[in-house]
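Enquirer: Sequence:
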Amino acid sequence: MQRLVFVFAVLVTFVNAKLSATGCEMFNCKLSTQKFNNNTCVYWSQKADSYYVQPCTGSASFCPPNHDSNSTCIVPQNFTGQAWPGEKCNATVTCNGYATKGCVNGICKGAGNGDSCQDSNSCNPGLFCDGSTHFCSPQIQIGQIGCSSDFMCVNGAGCDFTGNPATSKCVAYLSLAPHTAVAQCQVNQNRLCSSLTCAQLGGKNYCTNPVKSYAFLPMVCDDNSECTSTTDSFFGNNFDLTSSCDCALNPNGNKYCALFPGDQPAQQFISQLSLWYQSTEMNNCNTLRRHSDGCMMSWWDAKNTAYYNYYNLNYRMYSFVQNMPDCVAQVYAPEYYYAKQQYQQYQN
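Position one of the sequence shown corresponds to residue 1 (the numbering used here), numbered consecutively onward.
Any given hint could be a false lead.
Okay, the calculated beta carbon distance ranges per label pair [to be verified]:
id: 1; residue 1: Ser69; residue 2: Asp222; range: 20 to 30 Å
id: 2; residue 1: Pro325; residue 2: Gln46; range: 17 to 27 Å
id: 3; residue 1: Asn252; residue 2: Asp130; range: 47 to 57 Å
id: 4; residue 1: Gly163; residue 2: Asn252; range: 41 to 51 Å
id: 5; residue 1: Ala181; residue 2: Tyr338; range: 37 to 47 Å
Since the hints were derived computationally from the structure, they do not count as laboratory data. Backbone N, C-alpha and C fix where the C-beta goes; we use that ideal spot for every residue, glycine too.
Work out the full structure: start from the sequences and follow the hints.
Expert: So, in structure tokens, the structure goes:
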């Protein structure tokens, strides 16, 4: 049976598995019988192989979790200058160093068409830094050749890079049907595929069907070999994909399988991602910021942004957040916790 490892980057702070029966540490809310010292937000019990969590109170403090030790609430530093060229601003100080022309009419401005550049970070939306000339140049349109990376293409498209720009074309994201050939397939992922997923057959790469977990969600597991997908007969009857078996941030130390693109939470994300790709607002982003939540929050409406953030994190962090108490989420997965809160506001 062919097994292809299917991995997603996960933006979550969690503690590695160690001593429990499942090989995972356990995460609980502070017990009513426990007394924490001042400003303690996480108590680590080596005997119980558990973390006991009490979120910090007040918006001015947060809890940076430590490994195998207690954690204390601290006051975070203030960060400014986070906006890239094309993103909204209220003063030059809120733009980062790439926006060399500062805040102009409420928008951070960088290098324009024909201006010199070191990389695409400094170019205004609709442009990329041409490495051969070191000038900002218009992005390549869908269907045109000449690209070697996604960032040379218009924001709603990626480069189907063959290894030679002369034969490489800009293709709309999520536009290629299952079993369509693609030039690249890295870790079974390709944003040009409607399923986001690809695989190899006969030395060539093809988009796959949106395969899903072979059993009902959530799938409890002991190791990666149990986290397999449904098949896609185009690649052979023994074809499936394998995801990761991850320690969840919950009181029991359970492990769960990560998702596949055909699973319902993944389909929610892909649907919302497609709306972003088709939006006019995406064109207001610097080419390197096309997938950033910072630019999305700057231009897209609040509801669509909230849906995107939650669907994205719920998909990619699914195996880590199963049966996770809210107190644990606030400390170990704060992005997920607040994204879920914002999403739920639109469900009421």
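Enquirer: Decide, hint by hint, whether the structure agrees.
Expert: Now the hints, each set against the structure:
As the Cβ distance of Ser69 to Asp222 is approximately 28 Å, the hint placing it in 20 to 30 Å holds. Checked against the given bound of 17 to 27 Å, the beta carbons of Pro325 and Gln46, roughly 21 Å apart, stay inside it. Between Asn252 and Asp130 the CB atoms are about 54 Å apart, so this pair conforms to the stated range of 47 to 57 Å. For the hinted restraint 41 to 51 Å between Gly163 and Asn252, the CB-CB distance of approximately 48 Å keeps it satisfied.
With their beta carbons about 41 Å apart, Ala181 and Tyr338 fall inside the hinted range of 37 to 47 Å.
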